[in-house]
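All chains should be built: construct the whole structure from the sequences, respecting the hints.
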Amino acid sequence: MNLSAGVLGGALLFWGWQSGLLMVGALLALAIEGRRWVGTRWTILPEHFGRISDLSAVLFLAMAVYAYATSDPSRAFLKLSIWQPVVFAPLVVAQAYSVEGRIHLSALFVFLRRSDHDWSKLSIDLAAGFFVLCLLAAGAANVRTPAFYAAVVTLTGAALWGRRPAGASGVAWAALFVSAAALGWAGQLGLNQLQAALERRAAEFVFGVSRPEADANRTTTALGHIGELQQSDDIVVRLTTEGAPPPLLRVAVYNRFAGLRWEARHSPMIAIGRYGPGWDLAPPRRGARRATLSTSMPGGTGLLPLPPGAFRIENLSAALVGRSRLGALRADDVPPVVVYDAHYTASRAADGAPDADDLFLPNWHGASFKKLAHELKLEPRKPSETIGRVRVFFGRGFAYSTYREARDPKADPLEEFVFKTRTGHCEHFATSTVLLLRAAGVPARYVTGFSVQEFSRLENAWVARGRHAHAWALAWTGKKWLEVDTTPAGWEDVEASGASAFRPMLDGLAWFSFRVSRWWWGPEGERGPLAWAAVALLFAFLVWRLLRGATAPAVAAKLKGRGAGPVRGADSEWYGVERTLAARGLGRQDWETNAAWVDRVTKAGGVDAALLRAAAALHARYRFDPEGLDAESRERLRKAALSLISQQAPSTSQGIAGSR
Amino acid sequence: MPSTEVSAREVVLKLADSIGGVMKGQEAAVRGLLAAFAAGGHVLLEDKPGTGKTTLAKTLAKSLGARFHRVQFTPDLLPSDILGVSVFDQKEQRFEFHEGPVFTNVLLADEINRASPRTQSALLEAMAESQVTVDGKTYKLPELFFVISTQNPVEYHGTYPLPEAQMDRFMAQFSPGYVDPEVEVEILSDQEQGHPLDAVKTCATVADVLALRRAVREVRISVEIKRYVVEIVRRTRGLPRVLLGASPRASLSLMKMAQAAALIDGQPFVGPEQVQEMAVPVVAHRLMLEPEARFSGLTAAGLVAEILKGLPAPA
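Listed in order, the protein sequences are those of chains R and X. Numbering that gives the first Met the number 0 applies: residue 0 is where the first sequence begins, and numbers increase by one. Numbering that gives the first Met the number 0 applies: residue 0 is where the second sequence begins, and numbers increase by one.
It is possible that some hints are incorrect.
Simulated crosslink set (BS3-like; lysine-lysine; CA at most 30 Å straight-line) [said to hold, decoys possible]: (1) X/Lys23 / R/Lys602; (2) X/Lys200 / X/Lys23; (3) X/Lys308 / R/Lys602; (4) X/Lys47 / X/Lys225; (5) R/Lys419 / R/Lys370.
These are calculated hints, taken from the structure and not from any lab test.
Below, the structure written as structure tokens:
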């Protein structure tokens, strides 16, 4: 171990203190520092280190499974980081009590163990790495006190003290170190402030107008689409409520029609909060109802479908939630499947008072829609009367269809819909309604979302599919915004007629997948027992592997080079001779037998040939004769090898002798 | 070291001396031949004409106080010419089996690749099971039955290459090769007055050889060395440009040859040195290379040597 006495123990105690696992830290510290009082050391072969490494790997896996099963991904990573000293402790303890005091590199990596190349000569000291790991794990506990920095500095100083340059003055070194620590403190304060400033700016950066928000800021319609409009049958939103569900779920609201596109003007996303149990969108209201919604967000960000009139959402696992002036709600850093509760009332939530954008008519539609409004005698009237007349207008002689014939390519699809074909889909109806209301002087907006109309017995929930995506209008009555859906009733049947015959089976699979995802990403309480079961299963597998490995006959072991079991005579001092001569550039090739190597070395000269041959013969018996060596011959081998080592490198014989 | 092994080693050293007196400069081939002989296997000597293949075989036979038969293989040789034939005895009114030359202790099958495959395969049962079956009746061969075959790799006209199954029956294949010029001069001098083969005297009995073979089986071999043996053979199976790798019989033969080599070295256990030394003679002749590989100069012996260089030796 290349660290001074007590440094690792101190780091472990510090880690235990910070992570709340003081007892574990104290026990590990005692186990590692105890080597200073226990004189015995064991010869631990690379194979044994490999097994201990496997144990660490299984510990890591078990902890990862448990952490990710009982916490959300971000917290699970921190939890897993905190436990790392426990994961690596078996390896460090084994190294502390091994003869060599180092670990063979091949033990740490399975691919090195399986490699045909002999990696057993490469070894590393884990002490320094483990020390750093303890400090990092202590940091993951995130106890933000000045004591943390002081302890880190003290421990680092203690670790580096033993490695300071040989000729340097201790006082100068200490002064330099204290200066560096002071600079570090100032630096970390600066970094802290920088982080806070960046976090403040984060919302502006993430939701700012500079970043194009395709969903919340604009939507391209399919008004001009020729032929059949294909819609997905996949379930997009799931909804459970007490009693009847809201008929519509809002996703986004737009106020400006530009060509075939609706845009949300002057409606930037404003952050309304970070992690939290709930977010208020409007003041609480009486007679509120509650709906639990779930939807998928593979990209970790997206707009939340909400019932109109939603004033509060809860239990949403999101890092950041933002809301646009027009009422779209966006969540960032969410799991792939989000589940949340929405409180809503039948009376409408405040969507912001109307402005000039809500009366805007594009030039190319203005005249025709104003003419239509005049023909329909929509003004001057009360807004509610105008809305009623518009409903009546679209309720007579209009038909729903997702199919559009290829007519005059120059014709405006919207005007064609209103004045000629009178056949179209919800976007035609919603856009025409908004424009007609505006032509009549009633502020109106265009809304996209879902229609809730299908109850799934399998899931015992309301579901909205891709083909249930809908568009409708919002009209200002003078006091509040009113949902105006002029699409003829029965459009759902038209959409459903294109559903696949395999849909029930696909729905079953989707439901299973959803349940698994929800278990994985949902609230922690749902996962506890299963997580323990997974950990128990993992350990059962490990025990089975260990027992199987212990009882299988050696011949049945994998015939993979040296990985097939402990090596006989691996503690032979002969390997010290080999290393000593290798230092002279006379190393043995991997494929070379000892006899061939001895011949080569003898020819090179500079070594007691007779003694070398005698030691090689004894080593060969020790290694390859199933009867082994008697005590006397073993001692002769040891003496011969040590004698050869001392002849080659008199000052380092004790350090070099030892196992392979 | 137990006394039986000492005497067994003495037997093998005496044979080596005796053969070495005739076969100058062929120590490696003699050692290999004796190792295969002691391990209870059969040997194929393949080399150019005049390199001493037949002399080597004859010297070994003469050094043993044992029955020796030589069969010159030719295209018209029939199986019955080797195994024997049942002849009807009119006097006794029954068939009587007349043993062929295979009923011997040492059989020299000279230029074996000149005989037809039918005749070659007649040797298969004899070599593998030490017995022959003629007219549905099985006859046991002597307990000491050793086949030395020779073949000439240069001549291809009128030859029938040995099939893989038969190649696998040979424990090892050696190529004595040309000797150094100095040694060749010595050979000329030795044969000025007569052939040294004439002076060879019997130096071991059948009983000695059977004891030698028992002693070889007692040479200890660790599991680690067995793994090394198996790994060498196993790697021949996945080599590119090799149609057929070595069989488990090759692993068994390599182990036995290494045991015999260890005994010759006076070592009561097998080390990796003996395995490496015997790997090429035991494994190479069992590999079947793609024709393109052979034309590009690749040899089976070269491939086995490459395997040895790519495999860490136990040390």
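Now for the hints, and whether the structure bears them out:
no. : hint                : result
1   : X/Lys23 / R/Lys602  : holds, 26 Å
2   : X/Lys200 / X/Lys23  : holds, 17 Å
3   : X/Lys308 / R/Lys602 : holds, 21 Å
4   : X/Lys47 / X/Lys225  : violated, 34 Å
5   : R/Lys419 / R/Lys370 : holds, 15 Å
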